[in-house]
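*Asks:* Based on the hints, put chains B, C and D in the right spot on chain A.
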Amino acid sequence: MIKIEENINVEQVIQSVSKSQYGGTTVFIGTVRVHTKGQRVLKLHFECYEPMALREMEKIERQAKEKFDIQEMSIHHVVGEKLPGEKVVVIAVAAFHRKAAFEACEYAIDTLKETVPIWKKEFFENGSVWVAAHP
Amino acid sequence: MIKIEENINVEQVIQSVSKSQYGGTTVFIGTVRVHTKGQRVLKLHFECYEPMALREMEKIERQAKEKFDIQEMSIHHVVGEKLPGEKVVVIAVAAFHRKAAFEACEYAIDTLKETVPIWKKEFFENGSVWVAAHP
Amino acid sequence: MQKRKLEIMDQHILLFGATKDIIGSSIYSINDSFKTVGELREHLYKQFPSLEKLNSLMIAVNMNYAEDLLELKAGDEIALIPPVSGG
Amino acid sequence: MQKRKLEIMDQHILLFGATKDIIGSSIYSINDSFKTVGELREHLYKQFPSLEKLNSLMIAVNMNYAEDLLELKAGDEIALIPPVSGG
Numbered sequence: 001m002i003k004i005e006e007n008i009n010v011e012q013v014i015q016s017v018s019k020s021q022y023g024g025t026t027v028f029i030g031t032v033r034v035h036t037k038g039q040r041v042l043k044l045h046f047e048c049y050e051p052m053a054l055r056e057m058e059k060i061e062r063q064a065k066e067k068f069d070i071q072e073m074s075i076h077h078v079v080g081e082k083l084p085g086e087k088v089v090v091i092a093v094a095a096f097h098r099k100a101a102f103e104a105c106e107y108a109i110d111t112l113k114e115t116v117p118i119w120k121k122e123f124f125e126n127g128s129v130w131v132a133a134h135p
Numbered sequence: 001m002i003k004i005e006e007n008i009n010v011e012q013v014i015q016s017v018s019k020s021q022y023g024g025t026t027v028f029i030g031t032v033r034v035h036t037k038g039q040r041v042l043k044l045h046f047e048c049y050e051p052m053a054l055r056e057m058e059k060i061e062r063q064a065k066e067k068f069d070i071q072e073m074s075i076h077h078v079v080g081e082k083l084p085g086e087k088v089v090v091i092a093v094a095a096f097h098r099k100a101a102f103e104a105c106e107y108a109i110d111t112l113k114e115t116v117p118i119w120k121k122e123f124f125e126n127g128s129v130w131v132a133a134h135p
Numbered sequence: 001m002q003k004r005k006l007e008i009m010d011q012h013i014l015l016f017g018a019t020k021d022i023i024g025s026s027i028y029s030i031n032d033s034f035k036t037v038g039e040l041r042e043h044l045y046k047q048f049p050s051l052e053k054l055n056s057l058m059i060a061v062n063m064n065y066a067e068d069l070l071e072l073k074a075g076d077e078i079a080l081i082p083p084v085s086g087g
Numbered sequence: 001m002q003k004r005k006l007e008i009m010d011q012h013i014l015l016f017g018a019t020k021d022i023i024g025s026s027i028y029s030i031n032d033s034f035k036t037v038g039e040l041r042e043h044l045y046k047q048f049p050s051l052e053k054l055n056s057l058m059i060a061v062n063m064n065y066a067e068d069l070l071e072l073k074a075g076d077e078i079a080l081i082p083p084v085s086g087g
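Residue numbers (this note's numbering), protein chains in the order written: chain A, 1 to 135; chain B, 1 to 135; chain C, 1 to 87; chain D, 1 to 87.
I should point out that these hints are in silico values taken from the structure, not numbers from a laboratory. Treat the hints with caution; some may be incorrect.
For lysine-lysine, the following BS3-like pairs were computed, each having C-alpha atoms within a straight-line distance of at most 25 angstroms [as the list claims (entries may be wrong)]:
1) A:99 <-> B:59
2) B:99 <-> A:99
3) B:82 <-> A:99
4) A:113 <-> B:19
5) D:46 <-> D:73
6) B:67 <-> A:99
7) B:19 <-> A:82
8) A:19 <-> B:43
9) B:121 <-> A:99
10) D:53 <-> B:113
11) B:67 <-> B:113
12) B:37 <-> A:65
Isolated chain A (complex conformation) (with noise of 0.2 angstroms):
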């Protein structure tokens, strides 16, 4: 299941990969950090193309299970504002070998910060900047 939406429930995106006949399931989960290069962070927003994003995620899913020997694989990310501890994405994998569910778990997440049109801009006490835009 592939998913843009204001908060995550892990337990729900678990779920919707479980199967009592895969062995395996392995997750990440991402969440906003209190500290950024020494900064602390008071928010972050999350800005989203979101019918572009849930197609460069559908395409990391269909090629994780290409490159993979997984079963299922879900994709969740938020939008909106979060605050620190709060989470970002969450990806489970299923499978019946656990190798290739962390294999297909990591590689969903490393790709998604390439390729999903997602930003997030960083609140700081002194101003605010969009992650990544400038060097």
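*Replies:* Frame of chain A, contents of chains B, C and D only:
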């Protein structure tokens, strides 16, 4: 947190490693498969040399923290009777860097399966067997 | 072989993240037409030099990342994609 | 240097998994003493030949996997560890 218990609450295991300063959490969830080598599994029974199992699980946590740049690890394993689809083991790892979190999580489940004195008996329609005991 | 002639028409470009801040709006409309993604890119760099200072600037056409050589058609959905930072 | 003399005493060995089924109990008591893990192992193989048919048989002493050369002391907690299969 290292724990052997009847039932594992995944949210609690994740909660036990998550703090707002870490960016990434990886989780492995092992569940009872409904088939093994073509046979339908009715149930599993997990037996455990508990004090030694806890020590070996603590050793995995300690060694994972030495080997990989991770901050927190929790390992929970069940004992007793389990049905297909039920959780057997949940491992959660929190780290600043997700690559280390993935590696440490995979290391932990691989090592657990080799060193922790826990045994499972598989029950089929026509008998039962201690897994991996005999050639 | 029929050669398609590009009509002069309003082209709307979706803007996100840093590009929205630079151009000052979430949609940029051009009363002009460009044969390729590369031509559109040149136009945007001329109009908004700050776009060239971004770490990268991809252009998506119909929700696919597009090469500069891709030809634009009327009705294409075009979006500027500054460096993504999800996850 | 004082040489510790091993007393003849009941030694209780904890059994798990397949070893429990083979020996037929969850504790095996021996009214004998063995200098090393290897000697104990030999004794067990003689008494219960099926133990040799296991894929592996580790012996834990005080909750650590022990080498056959390890010397046993009175009061050691000894356990037979057939192939583990957790996870």
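*Asks:* If a hint holds in the structure, say so; if it doesn't, say that too.
*Replies:* How the hints compare with the structure:
1. A:99 <-> B:59: holds (22 angstroms)
2. B:99 <-> A:99: holds (14 angstroms)
3. B:82 <-> A:99: Status holds; Cα separation ~23 angstroms.
4. A:113 <-> B:19: holds (22 angstroms)
5. D:46 <-> D:73: holds (22 angstroms)
6. B:67 <-> A:99: The given pair, whose Cα atoms are some 19 angstroms apart, holds under the 25 angstroms limit.
7. B:19 <-> A:82: holds (15 angstroms)
8. A:19 <-> B:43: Between residue 19 (chain A) and residue 43 (chain B) the Cα gap is close to 16 angstroms, so the pair holds against 25 angstroms.
9. B:121 <-> A:99: Distance of about 24 angstroms is within 25 angstroms: holds.
10. D:53 <-> B:113: Holds - the C-alpha atoms of residue 113 (chain B) and residue 53 (chain D) are around 21 angstroms apart, at most 25 angstroms.
11. B:67 <-> B:113: holds (18 angstroms)
12. B:37 <-> A:65: holds (23 angstroms)
Going down the numbered hints, you'll see the structure goes against none, and every one checks out.
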